[in-house]
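Residue numbers (numbering that gives the first Met the number 0), protein chains in the order written: chain Z, 0 to 268; chain G, 0 to 268; chain B, 0 to 268.
Derived by calculation from the structure, the hints in this document are not laboratory data. The reader is advised that the hints may include incorrect statements.
The list cannot tell twin chains apart, which means a pair is met if one copy fits it or any two copies do.
[Said to hold, decoys possible] Straight-line alpha carbon distances no greater than 25 Å define the calculated SDA-like cross-link-like pairs of lysine to any residue that follow:
id, residue 1, residue 2
1, 57, 261
2, 183, 104
3, 221, 13
4, 11, 186
5, 11, 236
6, 17, 249
7, 11, 216
8, 261, 60
9, 11, 218
10, 221, 158
11, 17, 234
12, 14, 62
13, 11, 241
14, 186, 154
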Amino acid sequence: MKFNGLNVRIGKQVKLGKNVEIGDDTIIYDNVTIGDNTIISNHCIIGEPANAYYQDRKNYQQKETIIGENSLIRSHTIIYAGNQLGHHFSTGHFVVLRENNTFGNYCNVGTRSEIHGYVTVGNYARLHSNVSLGQRTQVGNFVFLAPYVGTTDDPLPPSMIALPSQIGDFSILAAHVTLAPNVKIGKHCMIGLKSTVNRDISDFSLAVGSSARRIMDIRVMKSPHFQGNYYPWMYQFSRGLPWHEIGFDAWAMANGVEIPPKLEPITIS
Amino acid sequence: MKFNGLNVRIGKQVKLGKNVEIGDDTIIYDNVTIGDNTIISNHCIIGEPANAYYQDRKNYQQKETIIGENSLIRSHTIIYAGNQLGHHFSTGHFVVLRENNTFGNYCNVGTRSEIHGYVTVGNYARLHSNVSLGQRTQVGNFVFLAPYVGTTDDPLPPSMIALPSQIGDFSILAAHVTLAPNVKIGKHCMIGLKSTVNRDISDFSLAVGSSARRIMDIRVMKSPHFQGNYYPWMYQFSRGLPWHEIGFDAWAMANGVEIPPKLEPITIS
Amino acid sequence: MKFNGLNVRIGKQVKLGKNVEIGDDTIIYDNVTIGDNTIISNHCIIGEPANAYYQDRKNYQQKETIIGENSLIRSHTIIYAGNQLGHHFSTGHFVVLRENNTFGNYCNVGTRSEIHGYVTVGNYARLHSNVSLGQRTQVGNFVFLAPYVGTTDDPLPPSMIALPSQIGDFSILAAHVTLAPNVKIGKHCMIGLKSTVNRDISDFSLAVGSSARRIMDIRVMKSPHFQGNYYPWMYQFSRGLPWHEIGFDAWAMANGVEIPPKLEPITIS
């Protein structure tokens, strides 16, 4: 039904793996490498030239763009030259990956998200719709960014100063969270809905507000929606994650990943 | 001038009504039904296959997609399989309707809005640009959602718990309002600019802030921009609405719609 | 490499200047004028008909659309009929310019920004990604609007009342700033991250919060990221700006632009 491959235009030095499928009206520019079994859907542009192309077309060098195997690029997505995307990478629609980002394996970038360039993301990071990551943002492994999460990088706009932010492994940013430049969020954190983060947040924090403050250790947080403690979430949620069959601790031990120390839950008497 | 119908690709079991016009570069997949006099503009995808298609293409069943008569789908819009859209439905550009939403008649979904699936919307709902409705959100009749309004559904991200929100008839959510999961907004409410709603809001509330609190009955609200009481708004505004010629009360009585009880305005002495 | 000009459709009364390049799958409707050396990239729609087209196609008059010389329209951008865009105008991807906006020279409109119509913008204004300007917003010269800045125009939604906002020359709005209708921001202001502006802001204000209040004169603001006073920013930042080689004061004197009066920095003892 899909992927008729009509009206597709493919540039030079393009390497397509086995079973690659390409949708209609898609344009693939020069020096793009696409892994086996990957799908590029309709109306996409892969290897979009960087801004330097417009400044000096004759001397422009198109960097290599790599999309790993078993990936799925949904329609109307634009991936600039110089992106290096791991295997099992997937996007929603209308995604824009500006130049020279690096994503690990099994990452997802949701509909309309924009990654502004030179961003590094670990493995199994899940960015929902409308996430906006400023240049050089560093995102760890197993990070969840909810819709409309954004990071910024210029503390004195307009300036040439760029101070990117960092988000640690296993951390969760709820919808509409905004990070000021130069903020470091630790591991296993949860930042609450619509918070603005202006200062560093230590590991295992539940932080909320504008500017966001740590209100408790996430490991003692109670919710009416779950009996017991939900966080660290890896013990409750494993859909699509590598510990799905054996549990987090067994997987972590086998893979050299630190097991988060447990805290006793606080009893509300 | 428009709708040359060039480079259009149409799948199997597609039923086009009379006078349907289709723009250039548009793709219509299988099992789509489009009512009379409806326009599908350029660069659209109608009947986009659900995620199940990628998991098991051989056994994938493409649900029927229905777009009612006299509708207008603007360019670069993506409508997934399984949507049921009433007549006089319209969209802006770059809209994404994920799978299995149901819209009544005379609804509008603005540019870049995303409806995340299994959402139900009544009649005459107007969603402006960049509205994001989480899965299974329920929206009543004559609801106005301003730009960047968003609803969420996961109270413990990441989890399998989905707690959608509800928005009652005739309610207005101003720009950049965010709803936490599991929130019920009553009828005839107004939620102020950029508020975050964490708890239920009763009928006729003017509610503002983060988290949003009822600050008065909307029927006694004064504004420098209108002499007298503007709300309930149906007595002041009728453009494109069914009571335009006969007035709200006459229309409501003829159609079995409850007439909102009046309150005396507070006199500021 | 780019701009093969495949599958391009061009309407009537379209005037293309010298060296105009047009990308693949782009549609240019009637009565469009494009200046010399301008690039229109792939998947764009230029001269998109206004809503009146759908109401009465026979009597519809397509207004002229003008894009100045040396401009760059990136892919998937939609420019409605009636826009008048100066020279050296550029856009990101997925931009929507609704009908009848006027932009000066050297302006940039970032990816996914939407300009809702009848908006006027001066020269050298830089709108980043996801900026949303309500109808008839007035933006001055050398204004920087960071990602997700938005202006609104209806104080009593839904109503026919439209009260646009104004943003003065040299002012900076940080990311996620929202303006209520009818707000006037003066010259040389800085509005802080995610603020909501409900009232007028006087010249040279640093204003933050919801609703935003002036907390100091921007000229005395200190930052750990810069020695001395960074603002007025024109003395520290000139990339792509006309005073790049001669400095702001010399340029301002030569061009009849007011030189901002200096304030003594406050000494923190």
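inquiry  = Hints numbered earlier in the text: which of these fail when held up against the supplied structure?
reply    = Violated: hints 1, 3, 4, 5, 6, 7, 8, 9, 11 and 13.
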